[in-house]
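Turn these sequences into a full structure, and let the hints guide you.
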Amino acid sequence: METVKLYVIVFDSTHSAIAAETMLKEENIANEVIPTPREITASCGLSIRFNIDSLDKVKNILKQGSVSVNGVYKLERRLNEKQVEKLM
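Every letter in the sequence shown is one number past the one before it in full-length UniProt numbering, and letter 26, counting from 1, is 26.
Hints are computed from structural coordinates only; laboratory data are not their basis.
Don't be surprised by glycine CBs; every beta carbon is placed ideally from N, CA and C.
Misleading hints may appear alongside valid ones.
Stated by the list, open to error - 30 Å max Cα-Cα, derived BS3-like pairs, lysine-lysine: (1) K25 x K5; (2) K63 x K82; (3) K59 x K25; (4) K5 x K86; (5) K59 x K74; (6) K57 x K74; (7) K86 x K63; (8) K74 x K86; (9) K57 x K82; (10) K59 x K5; (11) K82 x K5; (12) K59 x K86; (13) K59 x K82; (14) K86 x K25; (15) K63 x K25; (16) K5 x K74.
Stated by the list, open to error - Derived Cβ-Cβ restraints for the label pairs, each shown as a range: (17) L87 x S13: 17 to 23 Å; (18) D12 x R78: 28 to 34 Å; (19) L79 x A19: 20 to 26 Å; (20) E26 x K5: 23 to 29 Å; (21) T41 x E81: 16 to 22 Å; (22) T22 x E81: 33 to 39 Å; (23) E85 x V33: 20 to 26 Å; (24) G65 x I40: 28 to 34 Å; (25) I34 x K59: 15 to 21 Å.
Following this line, the structure appears as C-alpha cells:
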C-alpha cells in the first residue's frame, strides 16, 4: 500500500485561511481549502492543502503576506500509521 502525503497550511482564523487562499490563487498555485486534519489540533478548523512541488513558493508567499499562519505541515499516512511534521 502506498504512502499518502498531504501538505497543509494551518491558520489561527478563518479570515487568514481565506486571505491565504486568495494570495495563492493569484500566484497560480493550486490549492484546496479543507477541514484541518485531526492530527493537528491548534487551528481555526480550516487549512489549505497544496502540492509539495509548490512548497518553496508557498513559504515565500506566506512570509511576504500579512496573513497569520499557525504552521505548514506534512502529513504522511500509510495503513494505520500517521506521521505529522511541522515544516514552518
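Given hint K86 paired with K59 - CA-CA distance at most 30 Å: It holds: about 13 Å lies between the C-alpha atoms, which stays within 30 Å.
Regarding the pair K5 and K74, is the alpha-carbon distance no greater than 30 Å? holds, 7 Å
Below or equal to 30 Å on CA atoms is what counts here, so check K63 against K25. holds, 16 Å
Are I34 and K59 spaced within 15 to 21 Å by their CB atoms? For I34 and K59 the Cβ distance comes to about 19 Å; the hint holds.
Look at the Cβ atoms of G65 and I40 and judge whether their distance stays inside 28 to 34 Å. Given a distance of about 21 Å, which is not inside 28 to 34 Å, the answer is violated.
Please verify whether K74 and K86 have alpha carbons no more than 30 Å apart. Given that 30 Å is the threshold and the Cα spacing comes to 6 Å, the pair holds.
30 Å limit on alpha-carbon distance, applied to hinted pair K63 and K82: holds, 28 Å
Lying within 17 to 23 Å: is that true of the beta-carbon distance L87 to S13? 21 Å Cβ-Cβ, so the 17 to 23 Å window holds.
Could you grab the alpha-carbon distance between K59 and K5 and see if it respects the 30 Å cut-off? Distance ~18 Å between K59 and K5 Cα, so the pair holds.
So does E85 sit 20 to 26 Å from V33, Cβ to Cβ? About 21 Å separates the Cβ atoms of E85 and V33, which means 20 to 26 Å holds.
Regarding the pair K59 and K74, is the alpha-carbon distance no greater than 30 Å? holds, 13 Å
Does the structure keep K59 and K25 at a Cα separation of 30 Å or less? holds, 14 Å
Going through the hint list in order, the structure does not satisfy hints 19 and 24.
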